[in-house]
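Chains as they are written, first to last, in the working numbering: chain A, 59 to 358; chain B, 320 to 723; chain C, -8 to 250.
Calculated from the structure, these hints are not laboratory results.
Everything numeric in this text was worked out from a predicted model, so none of it was measured.
Keep in mind that the hints are not guaranteed to be accurate.
Stated by the list, open to error - Keeping only pairs whose Cα atoms sit at most 20 Å apart, straight-line, the calculated EDC-like set for lysine to aspartate or glutamate is:
# : chain 1 : residue 1 : chain 2 : residue 2
1 : C       : K75       : B       : D604
2 : C       : K74       : B       : E595
3 : A       : K357      : B       : E325
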Amino acid sequence: MEYFLELFLGGMTRGSIYALIALGYTMVYGIIGLINFAHGEIYMIGAFTALITASVLTIFGLNPFAILVLAGLAAVVYSSAYGFTIEKVAYKPLRNAPRLSPLISAIGMSIFLQNYVLLAQTSDFMPFPNLIPEFAFMEPWAHIIGSSEIVILAVTAVAMVLLTLLIKFTRIGKAMRATAQDRKMAMLVGVNINRVISVTFIIGSSLAAIGGLLIASHIGQINFYIGFIAGIKAFTAAVLGGIGSIPGAVLGSFVLGWTESFATGYISSDYEDVFAFSLLVLILIFRPAGILGRSESKKV
Amino acid sequence: MFFVNEIKKSLLISCWFIFLTFPIMVIRINPYEEIVDYRWNNLILVGVGSFILSLVGRAVQRRREKIGQNDTDQTAGSTFRIATKMYVPLVALSVLVICCFPFVFSTYQTNIMTTALIYVVLGLGLNIVVGLAGLLDLGYVAFYAVGAYSYALLNYHFGLGFWTVLPIGAGLGALFGILLGFPVLRLRGDYLAIVTLGFGEIIRLILENWNDFSFGPSGIANIPRPSFFGMEMSLQAATIYIYFLMVGLAVFTVFVVNRLQHSRIGRAWIALREDEIACQAMGIDKTKTKLTAFALGATWAGMMGVVFAAKTTFINPASFTFLESAIILSIVVLGGMGSILGVIIAAFILILLPEYLRAFSDYRMLLFGATMVMMMVFRPQGLVAPRRRCYQFRKTDDPAAGIK
Amino acid sequence: MKPILTVDKLSMDFGGLRALDRLDLEINTGEIVALIGPNGAGKSTFFNCITGIYLPTGGDVYLTPPHGRKKIINGLKPNQVTKKGMARTFQNIRLFTEMTVLENIMIGRHCRTKASILGAVFKGPGTIREEKEIVEDSYRILVKIGLADSVNMKATNLPYGAQRRLEIGRALATEPFLLLLDEPAAGMNPMETKELDDLIISLRDEGMAILLIEHDMKLVMSLSSRIYVMDYGKKIAQGTPVEIRNNPKVIKAYLGTEN
Ligand SMILES: Nc1ncnc2c1ncn2[C@@H]1O[C@H](COP(=O)(O)OP(=O)(O)OP(=O)(O)O)[C@@H](O)[C@H]1O
Ligand SMILES: [Mg+2]
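Okay, chain A solo, but in the shape it has when bound (with noise of 0.2 Å):
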């Protein structure tokens, strides 16, 4: 029973940071139907940037907390500029080319991007400290969650309420709903559609950012291609819950991390990343829509 609360909540931490993820590239699909083939990257670059930022203020001496938000603040500023650039670099220019053209652009944004890092950075794994302290009061559970986990969760579950009250309640909400509902009509009442799509890239960044140091936290270190097996789970994920839907990315990841949880705790961990493919290969095959996705008829 413990061993199945462990991998539960293991899954369940997963799941959070596939959330964190997915929702980048569900909100992206949902406002301009890309998949944004580059947002793993951007992920990645949100965690090398934490790294670097982590490690200059180590050398300055900062105390841990204000590093840690420091570090935070500066992964969620960078990510957030990648996307808004990537966006206007690789995808606007296509927005009337054929369905495929951004794909391939974004294809290679992401290669491009990842050898950037490599070649900027290095190829090793660079150990992440952990910028996440250790409770005294989780002590007592510690074998079954760990305190950087009982933080991702909370993160996760805030950003995730922080989001729903933007696209409910603020007027570039209802923009951003407007736009992904039917874009030509959102233009006509006068929605700046240029705007809504650089917001969405910037919240999706953000999201990912969060996602990537907390992770890059938690595991102890990261490499120039954590963001493309990252991507592609998330990516999963999204289409798990119904590409489109916010709430339905989060979903897709919870079901995403409690497969792999369970399926690596209790079969084998071998084929981890076999066990995600396949559910992304047999959910794109049956149920396209995903589980909360509509299907789309298109009109003719």
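Once you've looked at the hints, dock chains B and C with the ligands against the given chain A.
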């Protein structure tokens, strides 16, 4: 006035990129010794580089907008149109170069050429799937792996030779193409891309983890080179032999793809790429047509896998990652989707350039990524835009055919 | 006269929206029938349902080839429907834009020819003959629709009216006995409309039946022998042009939306 404005904008952009790349490009930490290394000259590099790129990009954009308005030439054109007069001497020259190459240059050079030729064929094979039929296959390398492992394993277990396995590998490629293609080909374009990527990774992960079957990450070594009527050959002779074998296969591929392209099936592929619904409404079986394209592409990948295994004599799963698929895809994208000549040129550029310009070799993948983005943004039709065939008719006075 | 197309209580729902409501319709050999109705009445949806692009939620569609037996066709894929002899055009033109004018027509010949991959690679005498026939047949169709001068032009570069005619030509290449035209005159100038008028009549004279969705009432009244009127997915009237012109329900449906 316009120029000053452009410079101002480009300056702003270059400032933005300096800010953007600052942490990653300038700071490098050494986590073990707690030393921070500041590389300020990178800052200047990024600043100047992005300034120039932005200026050039803007100029190109402006020119394109200008031409865009009077782009009504009647048939699809291309910048690399070779005059018919030049055609014969050019072909003769290439034949000469190709035949002499291994005798003039070293074994090492010949090997590189063979690799380039393998990519030419892979590019042409993927071109059927992506370029002609418009199916973005991101798991193409899986079929390459199928070919390579079928040779390695059939040889290891049953001692089958290269020439026996070559058609088997191609056949297995086709079979896998059909097996994988059948469930996924009804998916929308972008989902298809992701599913094929997933399949590709699954196959690689299985090869990596199923030790009893594939010998895991350590791979399979001592795969025999192709035999020449059972004769033993020196390493040099074998290299030359594989080179000419690849030349032959490349010519064969060009021949087949060219014939297919202008056939009934080839036209159906292109129509499918242009508009699926209209295509179906015109009586074309979508699933069957897609499946043929997918399976044919896979056939070529399977065949090349066999050659690859025979050439390197050692294979392991690391040769069949997603990046390999991406390289082949960037060849097709750079060359021009659906253009044979373009794909050949692109394969040579992308494979030989990093080999010969050592300075480039580290930046290989960076360049591949950048190529894909730049091509999509600035020249989506590729280096050599595919041309449609033109037909000539005598004016008919056939009364039955007229309107009135 | 026996009907070649019989539609029996055809229904189509999109979520909560009932776009077609138990619609009946019949078309006889060699007649031109018009299907009219205000915007959003469900006319294009009707086409999509009988040609297999949408799967109708209720009702049946039967097709009776001139020398064949009556067969149910709902549930068939669009390509199978076309092969059975019913071809169509689209309201928003869907040509293969990057292909040439001639090639667009050649695509229409696909389902009446049969060269395989092996045939294409080896190019035996049979394949060569067939390919020659495809080209010639396609050219003949281009002559018929008056586009013989633009054979090698890219389809996108054609003027609007010519693109519409090319779409008709492409459908003709599949050798249909029933042709469905979705607003063929939309966006045409009077001269182009006149040419279209002539083309449709010449097709009818060759024995082809035509079902036509059209908003241009002059064209509808002059061409069609019978007219069906629909509104909100329901059939509200049917009859000869004269009957329809004087039908109060029709007038109401149109005035109701036009005011
Ligand atoms: N794929 C679809 N999904 C949802 N609703 C649809 C779909 N296709 C059509 N509809 C709806 O069905 C109704 C009928 O549409 P349809 O296009 O058939 O009208 P129409 O009679 O052809 O109008 P028009 O004269 O404007 O072409 C409309 O309300 C339309 O919004
Ligand atoms: Mg309509």
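Evaluated hints:
no.: 1; hint: C/K75 - B/D604; in the structure: holds (13 Å)
no.: 2; hint: C/K74 - B/E595; in the structure: holds (17 Å)
no.: 3; hint: A/K357 - B/E325; in the structure: violated (42 Å)
Violated hints amount to a single one, hint 3; each of the other numbered hints is respected by the structure.
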